[in-house]
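Place chain F on chain E using the hints.
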Amino acid sequence: MSILVNRDTRLVVQGITGKTGTFHTQQCIEYGTKVVAGVTPGKGGQMWEDKVPVCNTVAEAVKEHGANASVIYVPPAFAADSILEAIEADIPLVICITEGVPVRDMAEVRRRLEFNDTKTRLIGPNCPGIITPGECKIGIMPGYIHKPGRVGVISRSGTLTYEAVWQLTQRGHGQSTCIGIGGDPINGTSQLDAVRMLNEDPDTDAIIMIGEIGGSAEEEACAYIKENVKKPVAGFIAGASAPKGRTMGHAGAIVSASGAGTAEAKFAAMEDAGVSIARNPSEIADALLRIYKG
Amino acid sequence: MNIHEYQAKHLLQEYGVPVPRGYAATNSREVETALSHLGDEMIVVKAQIHAGGRGKGTFTDGYKGGVKVVKTPEAAREAANHMLDNTLVTAQTGPEGRKVQTLYLTEGCDIEHEYYLAIVLDRETAQSVIIASTEGGMDIEEVADKTPEKLIRVSVCPNMGLRSHQCRQVAFALGFKGDQVKQFAGILTGVYKMFWEKNAMLVEINPLVTDKDGNLSALDAKVSFDGNAIFQHPDIGQLRDLNEEDPKEIEASKHNLAYIALDGNIACMVNGAGLAMATMDIIQSFGGSPANFLDVGGGANEDQVTAAFKIILSDPNVKGILVNIFGGIMKCDVIANGIVAAAKNVDMTVPLVVRLEGTNVEAGKKILRESGVALTPADSLAQAAEIIVEQVQSHS
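Protein sequence lines correspond, in order, to chains E and F. Sequential numbering from 1 applies to the first sequence in the numbering used here. Sequential numbering from 1001 applies to the second sequence in the numbering used here.
Quick caveat, the hints were computed from the structure, so don't treat them as lab data. It should be emphasised that the depicted structure is a prediction, and the values quoted were computed from it without experimental measurement. Any given hint could be a false lead.
[What the hints assert, rightly or not] List time: in silico PhoX-like cross-link candidates among lysine-lysine, alpha-carbon distance up to 20 Å:
no.	chain 1	residue 1	chain 2	residue 2
1	E	K147	E	K34
2	E	K119	E	K63
3	E	K244	F	K1222
4	F	K1365	F	K1344
5	F	K1344	E	K147
6	F	K1331	E	K19
7	E	K63	E	K51
8	F	K1068	F	K1056
9	F	K1193	F	K1222
Isolated chain F (complex conformation):
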């Protein structure tokens, strides 16, 4: 689960990490309140969306930049008016962009140098890894690619936790001296504590900056949490912003369906995540394009299948549906009855191909054939994919 920059910074602040003073605003009245707190100095206006590349982004009306550094409250007000409720397109949002519903107004900072600092959970070693670099402010993937020697990596054992010598190791590697070493150790300790206590998967500060006086602060932050652990942290759960999620995905999660919207036109409904991915793959290998990932789970019942059909059909791009179920413990005849009942329940406007395999498959196919529902049963996954791709292409 991702959160906004302003939420990440508030959390970091709770863990003792210095961040520039800032205020979130969702309307012009809140913008005024923020400006009254910030005074007449340099002000930064930042669009809050769950996507990177904001500074270089462009709004759909042509206004450039989702991050503006301005010198007066008037200029800040003007930038805020341009951004609020406008749609920002960045390298990470896709062409449709993201509507900006929250701004973050912060005090400016005289930057001396930009650093990079992150902690991630590394799946291969099952340890947290601190990643740091003197090349902050830019895309870290690029640093890793072009100048890998400038990346500092230090693993932290989950059972030992972060140790002082590790903080010093990173601080010295980044070239900090004197009081900065102490400041940095405090920041890293806070970041690690937050990462570990809140079950984060990533905490990234980019850039971490030094100002003219040599003081450190976190200028931008990105944090994402382990969705499996949110139940342990109601405070983090409250930071979820539904505006940032696809409404179809929100609806799906209410029915315990794992659904991810994609940009193709052949929808699929499958039991099991691996098989669902493989079904998308086979649609693509026959020249089609999957409209979604959808795992109805091991014990898909009629209600879930009905909800799944409704979600799929609410996507206007969908021109055909492929249902692929391997009936194991859940028998094919039971599943077939569920599919038939669900199909009768919704207004099926596109071709439907159903492939069943597994326990009681013959009984299941018979139910499908005799149901009176307009669907094409298929004998194998390859055949099912071929039929639905062909049907969709001949209709368009």
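With the rest of the complex left out, here is chain E:
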């Protein structure tokens, strides 16, 4: 089936009355996602588009409407606070789409996530979201490019994920769950976390991992893959041509002045872990299909 989200997911949208929140909530409802509530402080008691009840707080959305997942579309200045509110309300899954959250805010959030009493998994920020095709779409990805199936996809990038998913779908291979973990240097769910979940999911037969330059998340995931993953894994790293010391659009996509976080090092880690490598972005699905027949 899938990981994290499915047809039983009951979504609350934080920032539902904003322009972005409204647009993507409509898209998600059309896809079939169960949106049970929205949160906009001060607008509690109203109905959004005559369809979804609006609450003042996340806790209220949980208590009154049984929300068990949250998606966040609030502006960057308030995003960390929205995440913390969802954590305090014990929502098991929080997906933060917002781009441009200050890194210091995320350092504080990450500490809170590490508390023993935390019941929340955070995905993002600065991510496209998560989708279990045919069941539940949370985020800004175009739903129709996906198809239900058994390949799990993990990525730090939005449109590059769409590329890989589209390649799979066109070759007749559906996806179990696709997770965009986001392009920021500090996020809630790492490549490693996502690989582990897909590896343990009985309904995922193969995995595609799309990384970017910067940090060591891909290397850590590869160390785990080498020891623990028997399922076929294919991978791609974006940013081989990027110069050192410049941030390439995503705040996390930077090769440090000392040369840490290069595409070369990440491809080498993949190779060592037995991951089938796509050397160019138009071959991501083919790299998987070399080792996985479905």
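For chain F alone, kept in the frame of chain E given last:
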């Protein structure tokens, strides 16, 4: 966002970190004012650019050194005249160098020993990390490489903040004694407070020095801030120096485009940062060289695409353009119309290859084919890269 050394030192001073007395100057009149404050003692004249390696740099007219230690006001005046409005090339500026438009004149210091002190936000642990070493004044990457045992690293929990025992830990590890321990603790506390309050990504003091009397001060400083947090700190935003940025990048930011100039000749325009990087990669893998990184964002409209074309074409090195759009929520036919309108709006002087994929892709391709605009549509990203590389190479 980076700032100049003199700005960093003024900020540090506000947080109680001792720095040598100094004055910024952008013209000869301000140089005179600075000299009148500094007196007849040793004076240091420092070129202010956002790049390291200034001391070992060379100006394009052959004058050596972007940092000069001199003994008289006359010598300082002469050094200042050489540096102002001259272009300094260092290991970090690239061969084109950086024009020096500001100088910093400071009092000299009798250095007893040079230390290194920095705080960075470590992405892996999501904590601030204090990095210190007795081997100051040199490249810290080199210290980390050759003598890693001389690097002191102490993590600071974001929720607990810096604690006194951590200050003492670093002070003793650096070998400070007596009053110096107290002085250092004060400096580290100030540096951390500034780092945290101002959303810095890096505060680096290299070197932190002791003088003959055992007193500590920050001789050079480098600070960079989280661009996402500048809106919370208008005072920091004002420190931005547009002279240090590529005019094309400044123009792009006005249109909400993420653009970074590179030194190749094939421009690209892409939606999404990851896909934009991957597009640069594929150009390179076909033997071409990307002229830029450009992310037009998820909802690229006609105005943005037009602005993007204009920015791309203002780069004289550009000999071809590859547009790569994955139409998701934004449909391909809408994007195709935007590209066609924008292409008609600008004077397209180089080959243009457009690759569309995603929602309504057939309708989008039809619009491109029937537009009358001189462009080559491509079916896949690999094909698009191959075509543009081939077209650019056959034209040059």
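Status of the hints after comparison with the structure:
For the suggested pair E:K147 and E:K34, the alpha carbons sit about 19 Å apart, so the restraint of at most 20 Å is met. As the CA atoms of E:K119 and E:K63 are separated by approximately 16 Å, the hinted pair is consistent with the 20 Å bound. A C-alpha spacing of about 18 Å is found between E:K244 and F:K1222, which places the hinted pair at or below 20 Å, so the restraint holds. Of the supplied pair hints, the one linking F:K1365 and F:K1344 holds, its CA atoms being roughly 17 Å apart against a limit of 20 Å.
Between F:K1344 and E:K147 the alpha-carbon distance is near 38 Å, which puts this suggested pair outside the 20 Å criterion. Annotation: proposed proximity of F:K1331 to E:K19 holds, straight-line Cα distance about 19 Å (limit 20 Å). Using a Cα cut-off of 20 Å, the hinted pair E:K63 and E:K51 holds, with the two alpha carbons roughly 19 Å apart. Among the hinted pairs, F:K1068 with F:K1056 is consistent with the structure: their alpha-carbon atoms are about 10 Å apart, no more than 20 Å.
For the hint pairing F:K1193 with F:K1222, the CA-to-CA distance comes to about 16 Å; that is within 20 Å, so the pair holds.
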